[in-house]
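K.L.:
Chain by chain, the residues:
2 protein chains.
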Amino acid sequence: MTAIADKTYMARALKLAEKGRGSTFPNPLVGAIIVKNSKIIGEGFHKAAGKDHAEIVAIKNAHSSIAGATLYVNLEPCCHTGRTGPCTEALIKSKIKKVIVGIKDPNKKVNGKGIRQLRKAGIEVTVNILKDESYYINDTYFFSQQNKRPFVTLKLAQTLDGKIATLSNESKYLSSKQSLKYVHTLRANSDAVVVGTQTAQHDNPSLTVRLTKGNNPYRILLSNSLKIDSSLNLLKNNDDYKTIIASTEKSLKTFSHATNKVITWSLKSKNRQLDLHDFLEKAYQFNINSTLCEGGAKLASSLIVQQLVDKIILVTVPKIMGKGIESFGSFRINQLTDMVEFDKHYTFNLGVDTILVGYPKWGKA
Amino acid sequence: MTAIADKTYMARALKLAEKGRGSTFPNPLVGAIIVKNSKIIGEGFHKAAGKDHAEIVAIKNAHSSIAGATLYVNLEPCCHTGRTGPCTEALIKSKIKKVIVGIKDPNKKVNGKGIRQLRKAGIEVTVNILKDESYYINDTYFFSQQNKRPFVTLKLAQTLDGKIATLSNESKYLSSKQSLKYVHTLRANSDAVVVGTQTAQHDNPSLTVRLTKGNNPYRILLSNSLKIDSSLNLLKNNDDYKTIIASTEKSLKTFSHATNKVITWSLKSKNRQLDLHDFLEKAYQFNINSTLCEGGAKLASSLIVQQLVDKIILVTVPKIMGKGIESFGSFRINQLTDMVEFDKHYTFNLGVDTILVGYPKWGKA
Chain A
1 MTAIADKTYM ARALKLAEKG RGSTFPNPLV GAIIVKNSKI IGEGFHKAAG KDHAEIVAIK
61 NAHSSIAGAT LYVNLEPCCH TGRTGPCTEA LIKSKIKKVI VGIKDPNKKV NGKGIRQLRK
121 AGIEVTVNIL KDESYYINDT YFFSQQNKRP FVTLKLAQTL DGKIATLSNE SKYLSSKQSL
181 KYVHTLRANS DAVVVGTQTA QHDNPSLTVR LTKGNNPYRI LLSNSLKIDS SLNLLKNNDD
241 YKTIIASTEK SLKTFSHATN KVITWSLKSK NRQLDLHDFL EKAYQFNINS TLCEGGAKLA
301 SSLIVQQLVD KIILVTVPKI MGKGIESFGS FRINQLTDMV EFDKHYTFNL GVDTILVGYP
361 KWGKA
Chain B
1 MTAIADKTYM ARALKLAEKG RGSTFPNPLV GAIIVKNSKI IGEGFHKAAG KDHAEIVAIK
61 NAHSSIAGAT LYVNLEPCCH TGRTGPCTEA LIKSKIKKVI VGIKDPNKKV NGKGIRQLRK
121 AGIEVTVNIL KDESYYINDT YFFSQQNKRP FVTLKLAQTL DGKIATLSNE SKYLSSKQSL
181 KYVHTLRANS DAVVVGTQTA QHDNPSLTVR LTKGNNPYRI LLSNSLKIDS SLNLLKNNDD
241 YKTIIASTEK SLKTFSHATN KVITWSLKSK NRQLDLHDFL EKAYQFNINS TLCEGGAKLA
301 SSLIVQQLVD KIILVTVPKI MGKGIESFGS FRINQLTDMV EFDKHYTFNL GVDTILVGYP
361 KWGKA
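Here the protein sequences come in this chain order: A and B.
Its first residue numbered 1, the first sequence is counted upward by one per residue in the numbering used here.
Its first residue numbered 1, the second sequence is counted upward by one per residue in the numbering used here.
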């Protein structure tokens, strides 16, 4: 098999993997293809946690014997028994000849062990075919495995002059329909969305996916005081049991009677604020690989100050507000060189709005 | 002559006219072409005030007799004696047969009179060939003739979160080199640049054209108090005698001994602020058709509040400042619908910066 053919088949596996986007929580996106005599004889992707892994789907779908065939899979096959049996075992049993892997699985239960098991059984294994692509399709998964916390995307919708709401906290429907749809896509592709008290109370968002296809992410309210109405959409519309309230133990105690269906996380405090590191630690333990923070300004500033933002998405509407609630109003610098800059960034237009996507460059901590 | 040929020759006249950009103050850009037997026998453009008008340049440059020829000119020929004689007279003398005009000159000394004089002398005159293009090449000239005040462009360089300087007024070199060059082009194409006290004092700009070719615009310091150092670049670098100080009579009196080379305008006050309408009236009387306001925040906000901005150019650098001097910090609204919106706007990238150009939609005054 030529290197080009290997890449072509891996690209197909990646395309299949992509079909699971938004549905596989907490698992990564994986696609698999079985090739024999230069023909695809079976393929599949991982649809949801608890369902067959991609390799097993491909084996089951194969329309002829896979003995002597080659399997392409974008992530190292698992070797542990979770809700399903280990894929390595099934592959060894199937008498497959060769396994081509996009990238090693950094999960400590796998982390090269899957590859070693296959090789020990006499299966030829090649790793790092379309490695970059295999990384990016599961970038937040790799990030959280490496950093022991979820990837944090901060999204704010603001005016040209950097205001997210009027002084009286009016902000509903600030951005265009196209931008709102984009935000729903971001939600569908995130494990969890996070908002602070002010945003929950004033905007009363549902934080569900409505304007595009996709599953709802977990909805996390990060609130120290929990001074919120119990009739908020976040609490009311919780038929999928995906609302999480993260607060202090003390605040949760007084609030708990109204939140029986809601998941609660008790967080540590630091300087009378919720400890964001503890929050991200809890989210990681909950298997959340990616969080989309949708404001408000106070939470955004706290994340920035603590250098806990991995990606910023600024939706800027072509309007000028003058005085108002500032996007990053609690962030303070001493000199121009202290500004937050980006490693890389790009902009594009959605309707009349301009979207900036930037990856902050964090220097001295 | 076909209509298409007429447009082609007029397009050539417009292209010639463009060569005068930045040099013709206070005159508009004009180009002229003389055509005989489908051949261009002479052409020219207006280079500077006091020099020959485009029609005269074309007549003088003609390499054969222009009797019986057709002249194309983007603006109605003048019929009054200014620093040069009336063009209509020269055209009648030359026995030209036909004159094709892009657009009527709205200047009250012309305003159709030039066309009438030519017709009275038996010359065939066609008007409104490439009328829109003939308007836009001199849009600020037409604007000021119609509105009796200069066209006001407001340019601000700000961070993503709408800050133009740190709280301690640090802002030098906020934007990229490409954006600075763009700003110099804007200057070269404006009759005057305007700054307020804070910007003059803290940034100490020269407001000259250095990063691109072109003439310096008039440099106007709009300052109520005139609490500025007499060593500012604006005052020091004034070999071209183009620095103008606009202030109250009272402030000018105490400041005059240091400003002998500087032009001064005495302005009315209104609510303890300089009267911006009076300022624009004075600028108009000075034949300034276009002003580029380069800040700061206070002047920008005042212009916005008084709905005196015709075009906004926001240079946004991909950096986050947090607390700082807000771009439009003195502008206040009561509800979302009071925000400044645009009739039309577009964005483009320069280096790492994003430039927005917008034409504000002014409703209720």
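Any given hint could turn out to be false.
Pairs involving identical chains hold if they fit within one copy or between any two copies, as the list cannot separate such chains.
Pairs of lysine-lysine residues, derived as DSS-like cross-links and limited to a Cα-Cα distance of at most 27 Å, are as follows [claimed, not checked]:
hint, residue 1, residue 2
1, K323, K344
2, K361, K177
3, K323, K270
4, K181, K131
5, K242, K39
6, K361, K172
7, K97, K361
8, K344, K172
9, K95, K268
10, K19, K236
11, K298, K323
In short, the hints are calculated from the structure, not lab data.
Note that the structure is predicted; figures quoted are calculated from it, not measured.
K.L.:
Each hint needs a verdict: does it hold in this structure or not?
P.N.:
Now for the hints, and whether the structure bears them out:
1. K323 <-> K344: between (30 Å within a copy, 23 Å between copies)
2. K361 <-> K177: This pair counts as between: shortest inter-copy Cα distance 21 Å, intra-copy 31 Å.
3. K323 <-> K270: between (31 Å within a copy, 23 Å between copies)
4. K181 <-> K131: neither (31 Å within a copy, 41 Å between copies)
5. K242 <-> K39: Classified as neither: same-chain Cα gap 43 Å, cross-chain 78 Å, threshold 27 Å.
6. K361 <-> K172: between (31 Å within a copy, 21 Å between copies)
7. K97 <-> K361: neither (45 Å within a copy, 69 Å between copies)
8. K344 <-> K172: between (30 Å within a copy, 23 Å between copies)
9. K95 <-> K268: This pair counts as neither: shortest intra-copy Cα distance 52 Å, inter-copy 93 Å.
10. K19 <-> K236: neither (31 Å within a copy, 67 Å between copies)
11. K298 <-> K323: both (17 Å within a copy, 12 Å between copies)
Taken one by one, the earlier hints fail for this structure at numbers 4, 5, 7, 9 and 10, listed in ascending order.
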